[in-house]
Amino acid sequence: MQNLIDNFFSYTITGLTIGAVYALVALGYTLVYGVLRLINFAHSEVFMYGTFGALWVVMLLGGKPGGSVGQVIFWVVMMFVAAMAMSGLIAVILERVAYRPLRKRNAPPLIALISAIGASFVLAELMGLRSRVAGWVGLDDTLREYVRNSRNNAGLPSIISPQPIFSVGGYNVTNVDLIVIIGAIAIMVVLDQFVKRSRLGRGIRAVAMDPEAAALMGVNRDRVIQVTFLVGGVMAGAAAVFYMLKIGITRYDAGFILGVKAFTAAVLGGIGNLRGALLGGFILGLAENYGSAVVGSQWKDVVAFVLLVLILLVRPTGLLGESLGKARA
Amino acid sequence: MRSTLKFAVPLAVAALALGACGTKGGDTPAAGGSGGAAACQNFKIGMFGALTGPNANLGIYIQNGVNLALDDYNKKHADCKVTLENYDSQGDPTQAPALAKKAIDDKKVVGIVGPAFSGESKAADPAFNEAGLVTITPSATATKLSSNGWKTFFRALGNDDTQGPAAAKYIKDTVKSTKTFVIDDASEYGKGLADTVRKDLGSQVVGNDTIQQKQTDFSASVTKVTSSGADALFFGGYSPEAAPLIKQLRDGGWKGTFVVADGVKDQSFIDNAKDAAEGTIITCPCVPADVAPDFQKAYKAKYNEDPNTYSGEGYDAATILLDGIAAGKDRKTMLDFVKSYDKKGVTKQLKFDDKGESADIKVFAYKVEGGKIVGSGEIK
Amino acid sequence: MSTSTGTAASTKQRRLGFKERVNNLPRAVKILLWVVFAVFLFMLPLLNIPFITTEGSDFGGVLFTVATYVLVALGLNIVVGYAGLLDLGYVGFYAIGAYTVGVLSAEHAKLSWVVVVPIAIVVAMVSGVVLGAPTLRVRGDYLAIVTLGFGEIVRLTLVNSEWLGASRGISDIPKPPGVELFEVPSIDWSSGAPVVDLDTTSTFLKFGITDFVPYYWLALGVIALVLLFDILVKSSRVGRAWEATREDEDAAELMGVPTFRFKLLAFALGAAIGGLSGALFATKAGFINPQSFELLLSILFIAAVVVGGAGNRWGVIVGAIVVAYFPERFREFADFRVLVFGLALMLLAIFRPQGLLPPRRTVRAKRADARQAVLEEGEASA
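Protein chains in written order, with my numbering: chain S, 1 to 329; chain R, 1 to 380; chain H, 1 to 382.
These are computed hints drawn from the structure, not numbers from a lab. Among these hints, one or two may not hold up.
Said to hold, decoys possible - Once the Cα atoms are required to be at most 27 Å apart in a straight line, the calculated BS3-like pairs of lysine-lysine come out as:
1. LYS151(R) x LYS110(H)
2. LYS372(R) x LYS64(S)
3. LYS151(R) x LYS175(H)
With the rest of the complex left out, here is chain S:
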C-alpha cells in the first residue's frame, strides 16, 4: 500500500497507457456487439495482426534507434497506416467468411461464437505458422527476416527512445506515454464524431437500435455491418501501434489475453457503448496497476475480474449502460 502511495503517479500514468490500448480494442467488441448482439471472439486476432502490420512496416523501412525527428514521424505514421490497413482488412475478411454466411442462414447466436472461435484459431495459427505459409508460396527466403521463429516473440526496434518530457509527482512522463494517451483520446473523439455525425455513423446507430426498421428506412444492413467491422478493425490497428510503441514485442498468440481484457473493459463500461469502452479501458488499466502495487503483480488479472464482477453486481449493464443506438444524436 505504501508503495502505491509513494509511486501513485507512476502507477497511474503507466496504467492509463495500457488502459488506452484496452479501450481501443474494446471499441471493436462494443461496435460489433451493438450492431449484431454477438461477441466477436476473433477480434483479439484482428488486433494481433495489427501489431505485425506495424512491426513489418518498420522492418521494411529499415527503422532503427536514433533516427532523425522527420524519420521517426514518418515511421510512426507508416506504422499507423500499415496496422490500420492490416487490422481493417482482417476484420472485413472475418465478417465475410465467419459471420455473413451464418447471418444468411439465420443461425442461432451461439453458433456465431463457435464460428468466431474457429476463425480465431485459424488466424492465430496462420500467424504462428507463417514460416510454413511463406514456404508454400516459395517466399521463405525472401521473407526470412519476417517469418523466422514464427512461434516466438518478434521485437520492434525502438524507433522512439523514451525521453522524459516532464515530471509529475516523481514520475518522469515520457514522450511515448504522451503519444499513447493523447493519441488514443484523439482517435476516440474522431470515432465518436464519426458515429454521431456521418451518414455511415447514423446507419450504424440505426441498425443497432432496430435492424428491421433501419432496413425499412433504406439502410443497407450488410454494408453497415461491414463498415462496423472495418471501423472496429481500424481501431484495433491503432491500438496495435500504441501497444508496439509501449511493449515493443508481439507474438502469434499475443491477442488472446489482451482480447479477454479488452472485452472485460467493454463489459465494464457497458457493452455497446462507445464512451463506456473508453472509460472501461482506462479503469481496467488503472485497476490492474493499482492492484499489482498492493497485492503483487501475480494477482493483476484476478483484480481485474473481481472488479468486473463487483461492478456488474451494482450496475448490471456496466458503468454507462448499453446504448450504441441511443447515443445522443
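Position chains R and H relative to chain S; hints supplied.
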C-alpha cells in the same frame, strides 16, 4: 422381421470372422529379440516434448540438436540407421501419460530424449520408470524430479539448486550489488530459481514481484523496481517474458544490472529485446560454445542459425542413447549403459550420479555484448 | 430461413425413420442390440480397430480423455443446452474437482479415493452455487465474461498459491482401489486380419500406471450413471422449468416459475458433473498442475457442446468425441492440428448451424412457435 435380419446378419458375420482367425501370444514367446546380433534392429529413439503449440520453441530447439546427433550417427552407420520417433506432448501434462504409453508399447524405442518440461516429466516418468525405458531430459530442471526414486531418470543439465546459488554468488561478488530486486514468473522453474536466490541473498533483497507467463505489460513491475532503488535485478523465468521485461525497464529509465538464468539464454532474447538486452548477465550450467566449435558450426550449417537454448543438451542426450545403440544395447541393457556413461559432450562431461543427475555441473556466466552472448568465465 | 428449416426437417425425417425401425424391433432384439453396443464400447480400446485407433498416442489413454470430455459435455449441456446460460469458465469447476482430489488424497491428507470423489463433487457444486448466486442475475453475454473471469481466477489461484502446490502441482495422487478379476485380451491387426493377442491384455479393474483401459471402463460406468440422471432430470418438472426459462425468461417468471432458483440449480448440477470429471482426470493422471486447466479448455468444452448440438444429450456426446478425439487421431497433421480444427469449426458453423445432432425441441415449444407465427402473420395482413 426383415429389419431384424438386417441388424443380425452383419453381427453374426462379425462374430464368425473373429472366431475364424486364430490367437497369438499366450504360450509361445514373442518373435524377435533373439535374432542374430549382427542383424539390424531398426531401433528408434524418442523425442518427448512440445513440438507444436504455444510451448513449441523449446521443444524444437531440442529436436534440432537431437536430429543433428542422429545425422552424425546415421552417416557412420549407413547400413543400420536409427530413426527418431516424435512424441509431441505440446508441453501439456494431460497428454503426456498416453504418449508415454505409446512409446513404451513400441518395443523398437530404446530410449527417450525428454520429457522436456518438469510438469510433463512428473506425469510421464512414473510410467517410463515402471517400463524400464531410459529417459534423458535435456531441459527439465525441477530439483525434485531426481528424488522420486525413478531408476530411468537422467538429467543432462544442472537442476535449479545448482544454478540458483551460483547466480546469487555472482550477484553478490561480481556485480557487487547491494540492493537486489527479485522477480519470478510463477513457473516451477522460475520460482524455484528465484526462491533460491532470495534465500542466498538474504537482506540485500529490496523487493520481490511475481509476474505470469505470457504477460506482456510489466509497467507495475517497472515502477516497483525503479522505486526500490535496486542496482541489480534477478529474473527467474524464460526469454518470452524476459525480453519485454528488460525492454520496459530500460524504457522506464532503470540502469541496474539484469541477471537471468539459462531459460533466457537464447538468441531470441537478444533479437527481441534489441539494445535493452546489452549487458544482461546470464548464468548457465553449460559449457560456452567456444568449447565445442564443431557443434556450433554443424548446427549453423543445418539450421542457418546459432544453437539455441538446450539444443546442445538435446544433442548430448541423443548422443548418449546413440552410443548405446552403437554398443549393441537394447531397451533393457541401455539403463546400465547410461548409468556408467562417461564421455565429453558438447555441453559438459556427460556422467551421471546415482540419482541420475549430471555429475559434473559447472555454472558459467555469460554476458550480452554487441548483440551476442559471450562467455565470461565459470562462477566458482 | 427456408433452406435451414428445409434441411432440418429432412434430417428429422431420416432420423425418425431410423428410430422407427429400431422401435419396431422386438424387445429382446432391442435389449440385445444395447448389450452388444455396450460390450463394443467396453472393448473398444482393446479391439484396436484400424483407422479408428489413434496411431500417435495410446488409444486407451485417448479414449479416457474422450470419456472425460463426454462427461464434461454432459454437465455443461445442462448449463448451456437446457438452461441457456453461456458458461465460458467451466474449466474452473473441472479444476476444483481435480484439486479437491489432489489436496485431500495427496497434498494435505491421505483420504481414500472412495471418500474423496464425493467430496470433490460437493465442493464443485458448492462453488457453483457461490459463483452463481451473485452472477446469475446478470443476463446473457455478461454471464459469459463473468464465468470466463471465474475460470481465470481459479487458474491463477492455483498458479500462485503455495498451499495448492503452485506451478509445481500435486504429485502422487493415489489410484482408486481395484480388484484383479480377469484379464481381457486385445486384438492385433498387424497381419492384416484380426488376431486375438494374449500378450497384450488389460486386467479388469486393476488401476495401474501404464494401462489406461481400466480408467476408461471406470469413466464409461460414470457416464452411464450421469446419463441416467440426466434423462430423469430432463423429463421431470425441473427439465420443463429450464426449458421455459430458456425460451422466455420473463414469461416463465410470470407463469410462476422461480427462474433464478432453477438457473442456480442448473449451474450447481453442471458444476457438480464438471467436478466429477475433474476428479476422474486427477485420479488417472496421478499428477495435476495448473497447466491442465487453461482457459482454452473452457472454450473447447463449449465447442464440444455447441458443435454436437446444445440441448441434445446424444449430440453433445458426439460433439465431445469430435473435439477430444480428432486432434489425437490426426496427429500426423502435427503443427497444423489447431489450424485444421479451427477450419472445421468454421465449416461446421456454416453447414450445421444447429450442431451435428440438433436438439429436438419439445412439442410444446414448437406449438408455441407455430402459434406465434400465426399471430405475426395476422398482424402483417391486418
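Each hint, compared with the structure:
1. LYS151(R) x LYS110(H): 26 Å, holds
2. LYS372(R) x LYS64(S): 18 Å, holds
3. LYS151(R) x LYS175(H): 21 Å, holds
No hint from the list above goes unmet by this structure.
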